[in-house]
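Peer 1: Residues per chain, in single letters:
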Amino acid sequence: MNKKAKKVFKKGFGIVFCSLVYIFLFLPIIVIVTGSFNATTTKPYISWKGFTLDWYVKLFDNSALLHSFGTTMAIAVITTLLATAIGTIAAIGMYKYKFKGKSVIDGLLYIPVVIPEIVLGISLLTLFSGTNIPRGMLTLILAHTTFAIPYVIFNVRARLSGYDNSIEEASMDLGANRITTLKNITLPVLAPGIAGGALLAFTLSIDDVIVSYFVNGQIKTFPLKVMESIKSGVAPDVNALSTLILLGTIILVILTQSDLLKKIRHKK
Amino acid sequence: MKKLSRHTFRSNTLPSMAMVGPVTLWLAFFVAIPLVYVFIMSFCSIDESYNIVFKFTASNYERLFNPNYMQIYGTSILVAFLTTILCILIGYPFSFMIARTKWKHKALLYMMVIIPFWTNSLIRIYGWRTFLGTGGWLNHLLMTLNLTSEPIEFLFNKGATVLGMVYCLFPFMVLPLYTAIEKLDQNLLEASSDLGAKGHTTFRKVILPLTMSGVFSGSIMVFIPCLGYFFVSDILGGGNSDMIGNLIERQFQSGNNWPLGAALSIILILITLLLVKLYQKAGGDMDSLGV
Numbered sequence: 001m002n003k004k005a006k007k008v009f010k011k012g013f014g015i016v017f018c019s020l021v022y023i024f025l026f027l028p029i030i031v032i033v034t035g036s037f038n039a040t041t042t043k044p045y046i047s048w049k050g051f052t053l054d055w056y057v058k059l060f061d062n063s064a065l066l067h068s069f070g071t072t073m074a075i076a077v078i079t080t081l082l083a084t085a086i087g088t089i090a091a092i093g094m095y096k097y098k099f100k101g102k103s104v105i106d107g108l109l110y111i112p113v114v115i116p117e118i119v120l121g122i123s124l125l126t127l128f129s130g131t132n133i134p135r136g137m138l139t140l141i142l143a144h145t146t147f148a149i150p151y152v153i154f155n156v157r158a159r160l161s162g163y164d165n166s167i168e169e170a171s172m173d174l175g176a177n178r179i180t181t182l183k184n185i186t187l188p189v190l191a192p193g194i195a196g197g198a199l200l201a202f203t204l205s206i207d208d209v210i211v212s213y214f215v216n217g218q219i220k221t222f223p224l225k226v227m228e229s230i231k232s233g234v235a236p237d238v239n240a241l242s243t244l245i246l247l248g249t250i251i252l253v254i255l256t257q258s259d260l261l262k263k264i265r266h267k268k
Numbered sequence: 001m002k003k004l005s006r007h008t009f010r011s012n013t014l015p016s017m018a019m020v021g022p023v024t025l026w027l028a029f030f031v032a033i034p035l036v037y038v039f040i041m042s043f044c045s046i047d048e049s050y051n052i053v054f055k056f057t058a059s060n061y062e063r064l065f066n067p068n069y070m071q072i073y074g075t076s077i078l079v080a081f082l083t084t085i086l087c088i089l090i091g092y093p094f095s096f097m098i099a100r101t102k103w104k105h106k107a108l109l110y111m112m113v114i115i116p117f118w119t120n121s122l123i124r125i126y127g128w129r130t131f132l133g134t135g136g137w138l139n140h141l142l143m144t145l146n147l148t149s150e151p152i153e154f155l156f157n158k159g160a161t162v163l164g165m166v167y168c169l170f171p172f173m174v175l176p177l178y179t180a181i182e183k184l185d186q187n188l189l190e191a192s193s194d195l196g197a198k199g200h201t202t203f204r205k206v207i208l209p210l211t212m213s214g215v216f217s218g219s220i221m222v223f224i225p226c227l228g229y230f231f232v233s234d235i236l237g238g239g240n241s242d243m244i245g246n247l248i249e250r251q252f253q254s255g256n257n258w259p260l261g262a263a264l265s266i267i268l269i270l271i272t273l274l275l276v277k278l279y280q281k282a283g284g285d286m287d288s289l290g291v
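From first to last, the protein sequence lines stand for chains A and B. Each residue of the first sequence is one higher than the one before, starting from 1 at the first, in this note's numbering. Each residue of the second sequence is one higher than the one before, starting from 1 at the first, in this note's numbering.
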């Protein structure tokens with residue numbers, strides 16, 4: 001009896017503890033979502049003036065905000081494509097071939113992952129300014145791709161570690177050339193790793209503040225727009241857009257994840 | 001002989017160059033060269049109109065020993081250390097419970113750690129300011145409950161900065177811990193208890209050593225970024241808990257002394273190198289830092 005009570009108590013304590021952690025994680029989200037329905041029109045937009053959906057309508061009149069969101073998405077899409085292409089091919093190449101200097105490439109790959117983002121940001125700033133590359137869309141894409149590539153490679157590499165080389169040999173023995181084998185055998189097998197890496201690259205890009213802050217020039221991405229508005233108080237339409245982005249991401253992930261899950265189940 | 005080498009060239013050298021070439025060039029141009037450039041710049045100076053003068057000087061490094069700066073390094077290390085410890089103390093039991101629960105929606109528990117991070121981190125940190133500020137939700141609640149008559153200032157101190165850092169970096173602790181704990185072999189735990197070990201002995205002698213790798217990689221992924229997250233100490237610390245990141249940011253933006261900022265960045269690079277070396281010495285796997 002005593003032991004049982006102890007067990008129940010332990011379990012209850014566990015549930016309470018985990019719930020508190022989740023409350024901690026979601027509290028600012030609740031603040032943001034609530035703020036998007038706040039009818040207040042005076043800075044800093046904190047005190048509650050009643051419920052309204054106005055901000056979701058007004059959002060579409062705020063062209064600067066919408067523009068920054070468009071910029072963020074464009075950068076994220078191009079970054080994802082670039083990083084996924086370069087990273088996937090590199091991961092396969094590094095797995096299949098032995099060559100000199102491989103450990104150097106490996107070492108360089110870890111740098112953007114472990115180094116504080118601010119160091120990556122300022123080092124790219126000095127490079128772009130030293131080589132007179134005008135800061136803007138191009139430098140943002142180059143910078144984002146730089147920190148995204150390693151994550152794509154690590155994801156694909158994790159998938160490659162369980163890869164059976166003989167299926168490629170079989171494909172070549174049956175007369176397929178290298179490119180056909182890559183397209184029809186290697187890439188489909190690696191697809192989940194590539195998709196995971198691409199998703200990570202995309203989310204890292206849309207959320208990036210620190211690196212973008214140094215290489216943006218006159219271009220304002222959505223996070224930089226938020227940064228700019230923090231001094232005077234974040235307006236409810238920014239909260240509304242954030243809420244919509246969060247909803248969009250959740251839907252996107254549910255769709256892609258369930259699709260992936262279905263595919264895996266189907267194969268089995 | 002010649003034929004053979006041409007064969008190796010076509011079947012090995014050429015495809016490997018084609019596949020690994022792009023990433024090599026990319027990393028050389030956008031990681032290696034910029035860092036070397038920062039290193040060179042740290043030995044330069046500026047003239048009256050803030051132009052960089054490429055003439056060797058160690059004056060930036062001398063300035064790093066300025067007592068005001070020393071205090072900021074102290075704050076940085078303290079904040080990063082407290083953040084890491086709190087992330088371990090909260091993250092370990094939390095990861096343990098969500099990784100070993102028998103609930104059928106376990107995947108959901110894991111996803112719920114990641115979901116908040118799909119909202120921009122700046123606006124979430126600002127959310128904390130809205131919650132904790134003098135006109136914020138918490139003070140409102142406390143005053144309605146008559147627990148305080150005057151609003152309490154929770155913000156603009158080191159505590160608020162640590163809270164924001166823990167908030168931003170918590171998942172980087174949980175993810176490696178979750179992976180390490182999920183891999184634990186149930187048989188080992190049963191064997192330990194069959195052999196008469198009590199709960200805490202099993203934890204100390206079996207569970208903890210087997211999951212230490214997760215604690216190490218989590219700590220690296222929390223401590224190092226923490227030093228550079230200048231916007232957290234800006235928004236929540238309000239200038240009262242400036243860290244190395246804030247110092248660097250100022251040199252490159254408003255201060256316009258890039259060589260000094262470069263020298264400050266070298267400190268961060270050295271700290272990173274030192275910690276990564278320690279991590280590898282402790283048997284840490286570099287690959288588990290990535291995902």
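Since the hints were made in silico from the structure, they are not lab data. There could be a bad hint or two in this list.
Claimed, not checked - Not the full set, but computed from the structure, chain A residues with beta-carbon under 8 Å of chain B:
{"hint": "1", "residue": "Phe9"}
{"hint": "2", "residue": "Leu25"}
{"hint": "3", "residue": "Ile111"}
{"hint": "4", "residue": "Ile115"}
{"hint": "5", "residue": "Thr146"}
{"hint": "6", "residue": "Leu187"}
{"hint": "7", "residue": "Pro188"}
{"hint": "8", "residue": "Val189"}
{"hint": "9", "residue": "Pro192"}
{"hint": "10", "residue": "Ile219"}
{"hint": "11", "residue": "Ile230"}
We put the CB at the ideal spot given by N, CA and C, even for glycine.
Peer 1: Decide, hint by hint, whether the structure agrees.
Peer 2: Evaluated hints:
1. The beta carbon of A:Phe9 comes no nearer than 14 Å to any beta carbon in chain B, farther than 8 Å, and the hint placing it at the interface is violated.
2. A distance limit of 8 Å between C-beta atoms decides the matter here; for A:Leu25 the minimum to chain B is near 5 Å, and the interface restraint holds.
3. Contact between A:Ile111 and chain B, as hinted, is supported at the beta carbon level, the nearest pair being about 5 Å apart and thus within 8 Å.
4. For A:Ile115, the interface hint holds, since its Cβ comes within 8 Å of a Cβ in chain B; the closest pair sits about 5 Å apart.
5. A hinted interface residue such as A:Thr146 counts as satisfied when its beta carbon comes closer than 8 Å to some beta carbon of chain B; here the least separation is about 4 Å, so the hint holds.
6. Because the beta carbon of A:Leu187 sits about 13 Å from the nearest beta carbon in chain B, more than 8 Å, this interface hint is broken.
7. Nearest Cβ of chain B to the Cβ of A:Pro188: about 18 Å, over the 8 Å cut. The hint is violated.
8. At about 16 Å, the closest approach between the beta carbon of A:Val189 and any beta carbon in chain B exceeds 8 Å, and the interface hint on this residue is violated.
9. The beta carbon of A:Pro192 is not positioned within 8 Å of any beta carbon in chain B (closest approach about 13 Å), and the interface hint is therefore violated.
10. Interface restraint check: A:Ile219 against chain B, minimum CB-CB distance 16 Å, threshold 8 Å, status violated.
11. Contact between A:Ile230 and chain B, as hinted, is supported at the beta carbon level, the nearest pair being about 6 Å apart and thus within 8 Å.
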